[in-house]
Amino acid sequence: MSTHRVWVYGDNVNTDVIFPGKYTYTLKAKEEIASKALEDLDPTFAASVLPGDVIIAGRNWGNGSSREQAVTALKFCGVRAIIAESFGGIYLRNCINQGILPIVCAGVREVIRTGETVEIDIEQAEVRAAGQIFTFPRLSPSVQAIYDAGGLVPMLAARFQTT
Amino acid sequence: MTTQPTAYTFAEKALARAAGVSSLRAGDIVDVTPDLIFSHDNSAAIRRTFLEIGASRIARPDRIAITLDHAVPAPTTEHAQNHAEIRAWVQEQGIAHFFEVGRGICHQVISEEALILPGETIFGSDSHTPHFGWLGAFGAGVGRTEMAALWATGTLWWRVPETMRITLDGALRPGVTAKDIALRIIGDRGVEGGDYRAVEFAGNTLSSLSLDERPVLPNMMAEFGAMSAYMPPDQTVFDYLDMRREQRGGHDTNGRHEWRPYSAIYPDADAIYADEYQLDVSRLEPQIALPHSPANVVPLSQAVGQPVQQAFLGTCTNGRYEDLEAAARVLKGRHVRIRFVINPASSQVMLKAAQTGVLATLIEAGAAINTPGCGPCMGNHMGIPAPDEQTISSGNRNFKGRMGTASAGIYLASPYVVAASALTGCITDPAEFLV
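Protein sequence lines, in the order shown, are assigned to chains L and R. Everything in the first sequence is counted per our numbering, starting at 127 for the first residue and increasing by one. Everything in the second sequence is counted per our numbering, starting at 740 for the first residue and increasing by one.
In short, the hints are calculated from the structure, not lab data. These numbers come from a predicted model, not from an experiment. We put the beta carbon where it would ideally sit given N, CA and C, even for glycine. The reader is advised that the hints may include incorrect statements.
Here are the simulated lysine to any residue pairs, SDA-like style, with alpha carbons at most 25 angstroms apart [claimed, not checked]: (1) Lys1139/R - Pro267/L; (2) Lys154/L - Arg826/R; (3) Lys154/L - Ile1123/R; (4) Lys154/L - Lys1091/R; (5) Lys1091/R - Leu950/R; (6) Lys156/L - Lys1139/R.
FRET-style restraints, in silico, Cβ to Cβ [as the list claims (entries may be wrong)]: (7) Asp1019/R - Gly233/L: 34 to 42 angstroms; (8) Pro280/L - Asp1019/R: 47 to 55 angstroms; (9) Ala271/L - Gln830/R: 32 to 40 angstroms.
So here's chain R without its partners, still in its complex pose (with noise of 0.2 angstroms):
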């Protein structure tokens, strides 16, 4: 006789809580209510397909994030009644927490704003939505649709994931970085490897990563091809959404009191996981992929030496503070070769590099500064790499004609490296700009 496993996953655990019922198994099939629900500059086509569905009101405005950041500055005409129709959305149905041109990327601003907690459940209208991982959440992607369907009725069919864990040990190098880390996992198993499962991390090596650092393992396993990511949420989690509800007062921007309790998640002991992956990045060197796939990985070394015509520092996945300080830090007293465009994820993350020091030092160093959103990261302006031209990117997306050209070649890679080789116009290893 077989005993029923009583032991759950995180996505189990965090789905069935979403779901409003006593247990979940990965297969089932179930009507989620997200804590959390945002869109960006793809708002006013949501508005579009809510209308064609026949609703009027949206169910649970103040459970709604919208955040123009794709296109900002609005780069043309079409981009710019694109938010006109957003803000005047935003107005008519009271959407509770709205982000202005230059607050910055969706995924960073939410974090910032503590609009989503531990063992809360988000879903965005962007594939980097595994994000919300790094706060303990369970973070999914939607298209479009799935996202007005969500405006009209607050929930969402969702099929429970299986679970694959992620073991990382021991003590990161200096130099060496969770970019590294994530692309090293995506260049071993591919960007299938994810499998449309929900990954956990797991390990020692997560409670040394700082705040900044620890969105970038979530985030990329967009590019793993992952539904979802979780890492445990520890006290400097806790600590830092305290502060942040701290410094927003509490309130959205229509005045209301916005402080929900929560209650941390974990996986069970003896949960069940579909695939394991481990790794001991002790020993680990900084990573690059090549173009045009982000599992294309090889060591930094294999790349070192490859014209570059541009460098672009920002995004979702590389845009924090620690990531623009640690450009900072190879760039010091030195003058790139090669233009460096850069875009803080940010306000709040522009505004300590102003007041640190940090921006005056890149600024010195020949970088060129835009408006905190997302850039050139999808093409849409801020840096359009002429045809043939190549660009080493602190992103996450590395498809052939990803920047708006099919002809240029994008290299993903760490702040460190990026900087590194902004200053010599080819791929660099930054070790020697850091001693």
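So that you can see chain L by itself, here it is in the shape it has in the complex (with noise of 0.2 angstroms):
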């Protein structure tokens, strides 16, 4: 189990305010990258956000475009998990593939505010927020080994080493 602290956001969060496009094909640097992240959403986070804080968001996170910074630029902020209602389809498998934990669990947006801390605990798959308990649905077995593996190129890059 572990604690972190929450970035609290809403419904239907693309991922153009996430990371804006005219980023994606310039900026290279984990830290160019991180500055970035919410630009258009919150222009605090980048600036305040600690390794190990975690976002909450409503429904449809990251729905929009393809690009993968909008995983990567929370990830090299520190954020190793995002827990919303629901995830736009490919962002959620970036966020599988990057290793970054998607906690599709609804409710907890309610209980909490940006600042306050949430527990995780995956081996049980609950998250405790505001003295409340949420249960969240376990990976299935083939993409737990991705993410239990750090993301897939770490996986992959064990495959290749071995062959």
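These two chains come separately, so use the hints to put the complex back together.
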């Protein structure tokens, strides 16, 4: 189990406000990509996010573009999990492949505010917030294996090293 | 006792074929081997991830297309360097299908080159890959890391989606287009209406849509949150592909024979759908999406008169020949009042428009013609709005900041509406210019 400070956002937050398209082909350094995270949603985020922080959102977090920086910008800020009622489909795949845990869980947003903390228990598949317990569905075994390896790149890298 | 249903959706059948298994059901997770994979200006970043994986040679270079389209010609040194890296990589790896600056937008070019065929599966590192449903293919967008994994192994993990059926019946009124249908669907059900399902289009409207109009529907399903979208291919599509393969000569850029046999796939009549949506399009009027969501859709009449400072015609959604022709019908003999930026979706679109006089009509009317490609759609260049300006666009996405300026607004509508609004400087019903 781990404790995390949270940033709370709403429904239908799209990839373009998480990471603007105009930066997608020019920014390469992790620090640069991290510095643009949520630029058009919450300009205070990139400057004050801390490693270990968690995003809490409503429905359809990360809808829109396939751009992976909408996940990696948060990853490079130190975000390790995103708790949302639902995710944009490609965004959810990008999370798994980047080793960020997408937790599909309703209700947390209603009981918590930015700056407060939640506890995440991956083994029990539970989020604890404001004295309440919220359960979330476990990943299927083959998808869990990608997450456990740290993402798709480390998983494949292990495979390519042994062949 | 219940009997096991034996009816399958298109997605279940197409993914079973791509996974090399006899049957699949929604919810199954399998390794899929797509028939074609493609990327664009993001190929340089994909290469870096590919090398991080520890791979050295691309698994199936004959089944890869790369199109330079998102920022072309290069607007900055960084973009130029990005393109240079991609060109060198294409040479080094012997990537079969490479399309240079100016050839056009990935989805349009791959369609024109008949590189993907009915019943096949195509993954692209671009969210509008559902586009290829217009050819009866299973198309889905993937992330850059997934594309790197596809380069390295030729396969990718995939969850078979549930399917939503969208049935369209009736004939569109003049001046009403497939774009208006797509906007109405997204307006009715929202940007998460597709719920990362596959969409199957059905109904008697489909066969009445021209080949240039058909891609609009599956393309826009990206804005609906769908994983993929499919239209049942008919003889018009088969004839188009034959003609295109004939024109291409049937060889890839390495001179290899590239004519694959194909077999169209259709859903079973009693397949089970997770959701249904029906629309009688005969009563539909032109639609428009207001800033800042493609689901913020109202009938055009409710937005008429709103001032706009820029009009933009282009994109994978509405940058084809008939879209330019529609604008030319509105503009013929008139002159625009605001700047009107046009990016044809491909060089072939632009060439045809030049040959038929459509391009001359647009230029005479005061339009600024850009290089074929994505243009200002995602805010790289070629028409970035000033702060607080409003753009009327034939594109697909009007998220805040999409065209590069966070305080600028984007309206989405059909090419007719874009052209009519360019004439007046405010959102305008094209009907008065189409008589």
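So which of the earlier hints does this model not fit? Hints 1 and 4 contradicted; others consistent.
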